[in-house]
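Working from the sequences, and respecting the hints, build out all of it.
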Amino acid sequence: MSEEEEVLEVVVPAEDEFPTNNNLIKQIWHEISAGIGVWGTFRPIVAIALAIVPFLYLGQHFNRKHQRGSDFFFLQIPLSLTLVLWIGLYAWSVFDAWKDASIIVSRNS
Numbered sequence: 030m031s032e033e034e035e036v037l038e039v040v041v042p043a044e045d046e047f048p049t050n051n052n053l054i055k056q057i058w059h060e061i062s063a064g065i066g067v068w069g070t071f072r073p074i075v076a077i078a079l080a081i082v083p084f085l086y087l088g089q090h091f092n093r094k095h096q097r098g099s100d101f102f103f104l105q106i107p108l109s110l111t112l113v114l115w116i117g118l119y120a121w122s123v124f125d126a127w128k129d130a131s132i133i134v135s136r137n138s
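The numbering of the sequence shown is our numbering, which starts it at 30 and goes up by one.
Any given hint could turn out to be false.
As the list claims (entries may be wrong) - DSBU-like mimics (lysine-lysine), calculated; alpha carbons at most 35 Å apart, straight line:
#1 94 x 55
#2 128 x 94
#3 128 x 55
Said to hold, decoys possible - Label pairs and their in silico Cβ distance ranges:
#4 95 x 39: 51 to 59 Å
#5 131 x 36: 52 to 60 Å
#6 116 x 53: 44 to 52 Å
#7 100 x 37: 29 to 37 Å
#8 83 x 40: 55 to 63 Å
#9 108 x 54: 48 to 56 Å
#10 52 x 81: 33 to 41 Å
#11 84 x 52: 42 to 50 Å
#12 51 x 96: 41 to 49 Å
The set of hints was computed from the structure by calculation and includes no laboratory data.
For each residue, glycine too, the CB sits at the ideal point set by N, CA and C.
As structure tokens, then:
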């Protein structure tokens, strides 16, 4: 055999090694939820849903970033005079809430 040839070995499991229905469902759920469970899967979605509420910055408070949520709340007062900057802060807060929730989930898994 030369060095350029590859050897491919196929192993077929015995009948008793095939997953049962219960194990199959567990494996499918593990693949869907990336192994982080129901709450880990939906935590970023809940953070976005709370962050979408305007003027309150609840997404930051949900992620326990209370100082950041308070800072955004007080920063919106002068930015509300220029609507473009306020919209930028609002959009950033939604993205920031999603990012922080995803980081929390990844650290906990």
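These are the hints, each one checked on the structure:
no., hint, result
1, 94 x 55, "holds (34 Å)"
2, 128 x 94, "holds (12 Å)"
3, 128 x 55, "holds (28 Å)"
4, 95 x 39: 51 to 59 Å, "holds (56 Å)"
5, 131 x 36: 52 to 60 Å, "violated (41 Å)"
6, 116 x 53: 44 to 52 Å, "holds (47 Å)"
7, 100 x 37: 29 to 37 Å, "violated (58 Å)"
8, 83 x 40: 55 to 63 Å, "holds (57 Å)"
9, 108 x 54: 48 to 56 Å, "holds (49 Å)"
10, 52 x 81: 33 to 41 Å, "holds (39 Å)"
11, 84 x 52: 42 to 50 Å, "holds (48 Å)"
12, 51 x 96: 41 to 49 Å, "holds (46 Å)"
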